[in-house]
Structure formats: C-alpha cells, structure tokens
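Asker: Below, each chain spelled out in residue letters.
Number of protein chains: 2
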Amino acid sequence: MSTAPTSPPSADRPRRRARRGEGERTREEILAAAEALLARSGSEDAVSIRAVADAVGVTPPSIYRHFPDKAHLIFEVCARRFEEMDRHVVSPILAADLDPVDAIVELGRAYVRFGLAHPEHYRLMFMVNADHSPELYAEGDVVDGGSLGRIVVLLQHAIDAGRIRPEAGDAVVLTYVLWAALHGIVSLAIGRPNLPGPSVDEQVDAMIDAVLHGIVVPPPAGSP
Amino acid sequence: MSTAPTSPPSADRPRRRARRGEGERTREEILAAAEALLARSGSEDAVSIRAVADAVGVTPPSIYRHFPDKAHLIFEVCARRFEEMDRHVVSPILAADLDPVDAIVELGRAYVRFGLAHPEHYRLMFMVNADHSPELYAEGDVVDGGSLGRIVVLLQHAIDAGRIRPEAGDAVVLTYVLWAALHGIVSLAIGRPNLPGPSVDEQVDAMIDAVLHGIVVPPPAGSP
DNA sequence: GGCGTTCACGTAACAGCGCTAACTCAACGC
DNA sequence: GCGTTGAGTTAGCGCTGTTACGTGAACGCC
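Protein chains in written order, with my numbering: chain A, 4 to 227; chain B, 4 to 227.
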C-alpha cells in the first residue's frame with residue numbers, strides 16, 4: 004500500500020552485514036529466497052532481482068556479487084530441483100534392480116509426475132529460449148551428467164537382455180525417444196493446461212503402451 | 004549511434020495519418036512488422052511494442068488502438084503462421100488420399116519440419132506460460148479448430164480399416180499421443196538446441212518406428 | 001601500529017519495457 | 001455549423017535488469 008518507492012530492504016531482521024568469509028551463506032540465502040518466490044508464485048515473473056533482494060534483506064546490486072546475471076540465478080534454482088529429482092526419484096528406481104522394461108516404465112511415470120509437480124522449474128529448464136544464456140544449457144550439465152547417462156545404460160541392459168527389438172535403435176537414440184515422448188506430454192500439459200484432450204494419466208498410459216508395443220497391427224508372423 | 008532517445012517515429016516514409024475507414028490497414032501493417040521482427044530476430048525480445056511501432060511509423064500507444072495488449076498481438080502473429088501450416092502442409096497431405104498410416108507418417112514429418120522452420124513461433128504457441136493470457140489458449144482455437152480435429156478423423160479411418168490395434172486407444176487419445184511425441188522432439192530441439200543427442204531426423208525416424216511398431220520384443224505368436 | 005587490499009555490500013542511476021490518461025486533429029452524419 | 005467518432009499524439013507511470021562508483025569493515029603484512 005504505502006511502501007515508499009525507494010526504501011531500505013524490508014526484510015524482517017535488520018540483517019547485519021556478512022563478514023569476510025560469509026559470502027557463501029548470503030549466496031545460499033539468495034538461492035533460497037528465489038526458490039521460495041518461484042515455488043509459491045509459480046511464475047518466473049515473481050522472481051525479480053528486486054523481489055529476491057528484498058526477501059533476503061539486501062539491495063538489488065548485491066545479488067550481482069554472487070551471480071553474474073538473473074539467468075544464472077534462475078538456472079541454479081532449477082538445476083538444484085532436478086538434482087533432487089535425480090537423487091530422490093531416479094536413483095531409487097535404478098537401485099531397485101527391477102526388470103529393465105518395468106524400470107523404464109516406472110522412470111517415465113516418475114518423470115511426468117515430477118514435471119507436473121514443479122511446472123515452472125520444468126518450463127525454465129526445457130521450454131525457454133536457450134539463447135538467453137547458451138553456456139548454461141550446453142552439454143555436460145544436469146541432463147547429461149545426471150539421470151540421462153544412467154538411463155542409456157539401463158536401455159543398453161535391456162537391449163543386451165534381448166528385451167528390445169534391435170531394429171528399434173541403439174540405446175542412446177532410444178533414450179532420447181523415450182525422453183522426448185514423455186517431455187512432449189509434460190510440456191504440452193504445462194504450456195497448454197486447458198486443452199480439451201485426454202487426461203495426462205491417460206496420455207502417459209497410451210504413450211507407454213504405444214512406444215513399448217506399437218500402435219499398428221503387427222504384420223502376420225513370419226513376414227520379413 | 005546518435006539516435007535521439009525520444010524522437011518521432013523513424014519509419015522511412017512520413018506516413019500520412021490513416022483516414023476513417025483505414026484502421027484495418029494499419030492493423031495489418033502492425034501485424035506484418037511484428038512478424039518481420041519475430042522472423043528476422045528469432046526472439047520475442049526483439050518484438051517490443053516500441054520496436055513494432057517504430058517499424059510501422061507510428062507511436063507506441065497507437066498499437067493499443069488495434070490490439071488490447073502485446074500478448075494478443077504476438078498470438079495473432081503466431082496463429083497466422085499455424086493457419087498457414089494448416090493450409091499449405093496439413094491439408095495437401097490429407098487431400099492426397101494416402102494410406103492412413105502413410106498419411107500419419109507424412110503429417111508427423113511435416114509437423115516437425117514446420118516447428119524447426121519457425122522455432123520462435125512454435126515456442127510462443129506451445130512453450131510459454133499460458134497464464135499470461137488464458138483466453139487466447141482456450142479450447143476451440145487454432146489447435147482444436149485447425150488440424151487436430153481432422154487428424155482425429157484420419158486416425159478413426161485407420162482404426163476402422165483395421166490398421167491399428169484396438170487396445171492402443173481410441174482416435175482422440177492416439178492423436179494426442181502422436182502429437183505429444185512429435186511435440187516432444189520439436190520442443191526439445193528448440194529449447195535445448197545444443198544437446199549432444201542424436202539428430203532431429205534420427206529422433207523422428209526412431210520415434211515414428213517406435214510408436215508404430217513398438218520397441219520391445221513382441222510376445223510369441225498366439226499368446227493373449 | 002599503520003597500511004594497502006579485498007570482500008561485502010549500499011547509493012544512484014541508466015536504458016528499456018508494457019501500458020495508460022489525456023489531448024489533438026481530421027473526417028463524418030445531420 | 002456542430003457534435004461525434006476514429007486514429008494517433010504527447011507525456012508519463014511503475015517496473016525491469018544491470019552498471020558505475022563509493023563505503024566500511026576485516027584481513028595479511030611490514
């Protein structure tokens with residue numbers, strides 16, 4: 004209401020200045036404030052540099068002592084969520100030593116659940132214009148260094164076990180196909196939530212069935 | 004370099020004021036200028052209200068005489084491109100009276116080509132936060148009123164012709180599955196162009212093969 | 001104990017953004 | 001001639017990300 008347009012940071016406590024080595028703690032506070040703003044509002048628009056600074060209790064330019072620009076801050080917030088998914092969702096499934104095909108199905112369902120549970124994180128990770136900060140989204144980052152490589156291994160195991168048609172493609176291609184198929188469902192659900200189509204669960208079930216078994220009537224047995 | 008910060012519109016011709024009935028022509032010029040800025044820059048950032056107004060030769064507030072806000076302007080630019088795709092890409096394939104499964108494959112390839120040819124249009128259509136203008140992305144719009152409904156019919160024909168396994172799902176669900184699968188490839192290619200995965204063509208081929216024939220080894224003939 | 005350095009900020013400000021209120025000016029119907 | 005209306009202007013608000021520059025405290029070092 005009557006907040007002055009230019010006022011000292013309005014965090015609750017007066018926030019005494021951090022000492023020499025304590026810069027890392029402020030950095031974590033900035034990340035936490037940005038995460039809170041993003042999660043509660045569900046929109047990147049709410050995560051302005053000024054809003055983050057105000058929540059932490061510092062002035063906007065102080066953010067730039069810890070992050071080169073806003074894109075790096077936002078990216079780190081999202082990357083941490085995806086690392087969390089890797090630890091708490093993907094790793095347990097891979098460690099459960101399931102049948103390879105069952106593990107693929109479980110991973111797919113868990114991935115969609117994660118995306119729908121954190122739509123704005125997901126959108127910022129995979130649905131923005133990557134030109135804004137190309138080096139963040141280059142190879143060797145969260146995606147490749149995280150779950151994806153281990154899923155390629157899982158696919159290779161399924162191929163080696165004779166569970167997958169060899170003509171379907173190698174493990175890398177199939178991993179990307181599976182990922183893209185599920186990403187399509189998540190991305191469409193996030194970007195166009197009001198579409199009159201089938202429910203996400205229905206789409207996931209049908210997609211998994213289609214990719215695993217195909218939709219067309221198989222040729223009569225014995226044909227090339 | 005030395006452009007004054009506030010100057011009269013810098014379009015080439017002095018642009019005489021439109022007469023009473025000529026408002027629609029200005030509206031078209033605004034749309035054309037926005038389309039040109041979007042296509043040439045490849046980024047929504049370049050399509051600011053001020054940039055569009057300057058290209059047309061009017062002042063920024065004049066835009067709002069023809070469009071309620073920026074989102075509506077951008078949306079109309081993108082919607083026109085998609086209508087163009089419907090007329091020049093989808094309709095010819097549907098009119099060619101191909102084998103239903105072949106038509107599905109052709110439509111899928113054409114859809115991916117279109118998305119990669121107009122990445123920013125595609126991103127603005129399907130990969131932005133729809134909260135910004137919900138009524139634009141509601142049901143009955145370009146997607147549903149355009150190609151999608153006719154593809155459901157195509158799928159139904161394929162089902163009626165016995166070309167598709169009945170357990171795979173009904174025509175609506177399968178249409179969404181096909182759309183989501185291809186959208187996943189396009190969306191990933193646009194949002195993360197530097198990923199070290201297989202090429203888009205390879206992904207499309209593998210995806211079509213997977214969805215049509217499945218990736219897992221089929222059960223021995225005669226099992227339930 | 002003084003001193004230069006460096007970290008961790010704050011102050012002030014810039015350029016640009018979407019958008020609005022209020023005005024002007026010409027064309028039209030009556 | 002006159003009120004109305006369509007088309008467009010000027011001026012400006014509040015916001016954004018970001019930068020240049022100053023400040024004050026803590027540190028190593030002589």
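None of these hints come from the bench; they were simulated from the model. A few of these clues could be false.
Which copy is meant is left open, so a pair is good if it fits within one copy or across any two.
What the hints assert, rightly or not - Keeping only pairs whose Cα atoms sit at most 20 Å apart, straight-line, the calculated EDC-like set for lysine to aspartate or glutamate is:
1. K73 / E170
2. K73 / E47
3. K73 / D48
Asker: So, for every hint listed, does it hold in this structure?
Answerer: Structure-based check of each hint:
1. K73 / E170: neither (45 Å within a copy, 48 Å between copies)
2. K73 / E47: both (11 Å within a copy, 18 Å between copies)
3. K73 / D48: Classified as both: same-chain Cα gap 12 Å, cross-chain 16 Å, threshold 20 Å.
Of the hints listed earlier, the one the structure fails to meet is number 1.
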